[in-house]
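Enquirer: For chain X, the structure is supplied; the task is to place chain S on it using the hints.
Number of protein chains: 2
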Amino acid sequence: MKEVHHKLLVEEMERLTIDEFRSSDKLPLCLIVDSVRSLHNVGSFLRTADAFRIEKVWLCGITGTPPHSDIHKTALGAEDSVCWEYAPSTSQLIERLSREGWQICAAEQVAGSTMLPDFPFDSQARYAIVVGNEVMGVSQEAVDAADCCIEIPQFGTKHSLNVSVTAGILIWEFARRFEYAHRLKR
Amino acid sequence: MKEVHHKLLVEEMERLTIDEFRSSDKLPLCLIVDSVRSLHNVGSFLRTADAFRIEKVWLCGITGTPPHSDIHKTALGAEDSVCWEYAPSTSQLIERLSREGWQICAAEQVAGSTMLPDFPFDSQARYAIVVGNEVMGVSQEAVDAADCCIEIPQFGTKHSLNVSVTAGILIWEFARRFEYAHRLKR
Numbered sequence: 008m009k010e011v012h013h014k015l016l017v018e019e020m021e022r023l024t025i026d027e028f029r030s031s032d033k034l035p036l037c038l039i040v041d042s043v044r045s046l047h048n049v050g051s052f053l054r055t056a057d058a059f060r061i062e063k064v065w066l067c068g069i070t071g072t073p074p075h076s077d078i079h080k081t082a083l084g085a086e087d088s089v090c091w092e093y094a095p096s097t098s099q100l101i102e103r104l105s106r107e108g109w110q111i112c113a114a115e116q117v118a119g120s121t122m123l124p125d126f127p128f129d130s131q132a133r134y135a136i137v138v139g140n141e142v143m144g145v146s147q148e149a150v151d152a153a154d155c156c157i158e159i160p161q162f163g164t165k166h167s168l169n170v171s172v173t174a175g176i177l178i179w180e181f182a183r184r185f186e187y188a189h190r191l192k193r
Numbered sequence: 008m009k010e011v012h013h014k015l016l017v018e019e020m021e022r023l024t025i026d027e028f029r030s031s032d033k034l035p036l037c038l039i040v041d042s043v044r045s046l047h048n049v050g051s052f053l054r055t056a057d058a059f060r061i062e063k064v065w066l067c068g069i070t071g072t073p074p075h076s077d078i079h080k081t082a083l084g085a086e087d088s089v090c091w092e093y094a095p096s097t098s099q100l101i102e103r104l105s106r107e108g109w110q111i112c113a114a115e116q117v118a119g120s121t122m123l124p125d126f127p128f129d130s131q132a133r134y135a136i137v138v139g140n141e142v143m144g145v146s147q148e149a150v151d152a153a154d155c156c157i158e159i160p161q162f163g164t165k166h167s168l169n170v171s172v173t174a175g176i177l178i179w180e181f182a183r184r185f186e187y188a189h190r191l192k193r
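Quick mapping for you: the protein sequence lines, in order, are chains X and S. FYI, the numbering for the first sequence is 8 to 193, going by the working numbering. FYI, the numbering for the second sequence is 8 to 193, going by the working numbering.
For reference, chain X alone in the conformation it holds in the complex (with noise of 0.2 Å):
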């Protein structure tokens, strides 16, 4: 006979306040959002950033920023306590976050992009990773800034990902391989 096991009540998930993610240990990740148009999407990024507990999400050339209601829709209150900033120009922020030793991945199908499971993942580096906007992906100028583009490898017709799914894959991955549990107190 299987067992039954009860839902989590809220209470019993052990989340942080804000104050508690303010000051707690983050992940040396962050994530770049490049001119991506639905408000949705960047309630979910922050959502993601917020679940793993990354440095901070930069918002970036037409990419909407909070306060806005259809980013809390989708942030439900992770607009307050993830870190994030805006930049006018993506590529300037990654020339900016290069020289300050950040090593930055464009989420992108590029000419020798290296496959997300190839990637030579190094767990004393610090990342940014560049997500783009939904019908262009990530722009020319972004990528040709980038230290290199990952791929995700995909299999079927369209060779698209929803860029929200997108952003939450890397992240995983990235948090996965930082072996996030040694790295995160709970």
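Simulated from the structure, these hints should not be mistaken for lab results. It is possible that part of the hints are untrue.
No copy is singled out in the list; a pair is fine if it fits within one copy or between any two copies.
[As the list claims (entries may be wrong)] In silico lysine to aspartate or glutamate, EDC-like type, Cα no more than 20 Å apart, as pairs:
{"hint": "1", "residue 1": "Lys80", "residue 2": "Glu27"}
{"hint": "2", "residue 1": "Lys63", "residue 2": "Asp154"}
{"hint": "3", "residue 1": "Lys14", "residue 2": "Glu148"}
{"hint": "4", "residue 1": "Lys63", "residue 2": "Glu186"}
{"hint": "5", "residue 1": "Lys14", "residue 2": "Asp154"}
{"hint": "6", "residue 1": "Lys63", "residue 2": "Glu102"}
{"hint": "7", "residue 1": "Lys14", "residue 2": "Glu141"}
{"hint": "8", "residue 1": "Lys14", "residue 2": "Glu158"}
{"hint": "9", "residue 1": "Lys14", "residue 2": "Asp151"}
Expert: Chain S in isolation, oriented as in the chain X frame:
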């Protein structure tokens, strides 16, 4: 000096035609969608299912089905490649698939759920992942019918990923552990 890499043109992506997709090998993986309200999420599931060539998407309960313009907006045609079917009762579907030899894993935070990295994956098994409603999650009835519950570890203030992101991370992680490259010929 950095090399400049051009973004791949659609014709360089080696995308399958719909006929090629339908006759191609699939990962032994299904997605069961338990009463998801948003048609954008349904479209996103289909797009992810297309990308990783999973066997089938089951749309259950109040979940909407193609054809629908809001599903098409996020599925972008994946509703025509991916095998999908509607089932009124998630728990009855789970019982049927279970009898047919599928291992059923609900994506839910329950007492005694298995953290994703600790899941004892068996590359010889066939898996069906259950994702649930945006607010309620996977129903208790479906949780009870499933073989196990898998939880994506989360470290922030919310402990609630967007359901499209949850499905994306789980499908990616199962595809990775299935060693998709050996199973899915390009």
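Enquirer: Determine for every hint whether it applies to the structure shown.
Expert: Now the hints, each set against the structure:
Taking the closest pair of Cα atoms, lysine 80 and glutamate 27 never come within 20 Å of each other, the shortest separation being 23 Å inside a single copy and 39 Å across copies. In the homo-oligomer, the alpha carbons of lysine 63 and aspartate 154 lie at most 20 Å apart inside one protomer (19 Å), although the nearest pairing across protomers, at 37 Å, exceeds that limit. Proximity of lysine 14 to glutamate 148 under the C-alpha cut-off of 20 Å is restricted to the inter-copy arrangement: shortest distance 11 Å between copies versus 46 Å within a copy. Proximity of lysine 63 to glutamate 186 under the C-alpha cut-off of 20 Å is restricted to the intra-copy arrangement: shortest distance 19 Å within a copy versus 32 Å between copies.
In the homo-oligomer, the alpha carbons of lysine 14 and aspartate 154 lie at most 20 Å apart only across protomers (15 Å), although the nearest pairing inside one protomer, at 43 Å, exceeds that limit. In this assembly of identical chains, the alpha carbons of lysine 63 and glutamate 102 lie at most 20 Å apart only when taken from the same copy (17 Å versus 43 Å across copies). For the identical chains of this complex, lysine 14 and glutamate 141 are inter-copy neighbours only, at 15 Å across copies versus 35 Å inside a copy, given an alpha-carbon limit of 20 Å. In this assembly of identical chains, lysine 14 and glutamate 158 lie within 20 Å of each other by CA distance solely across copies; the values are 11 Å between and 35 Å within a copy.
Proximity of lysine 14 to aspartate 151 under the C-alpha cut-off of 20 Å is restricted to the inter-copy arrangement: shortest distance 10 Å between copies versus 47 Å within a copy.
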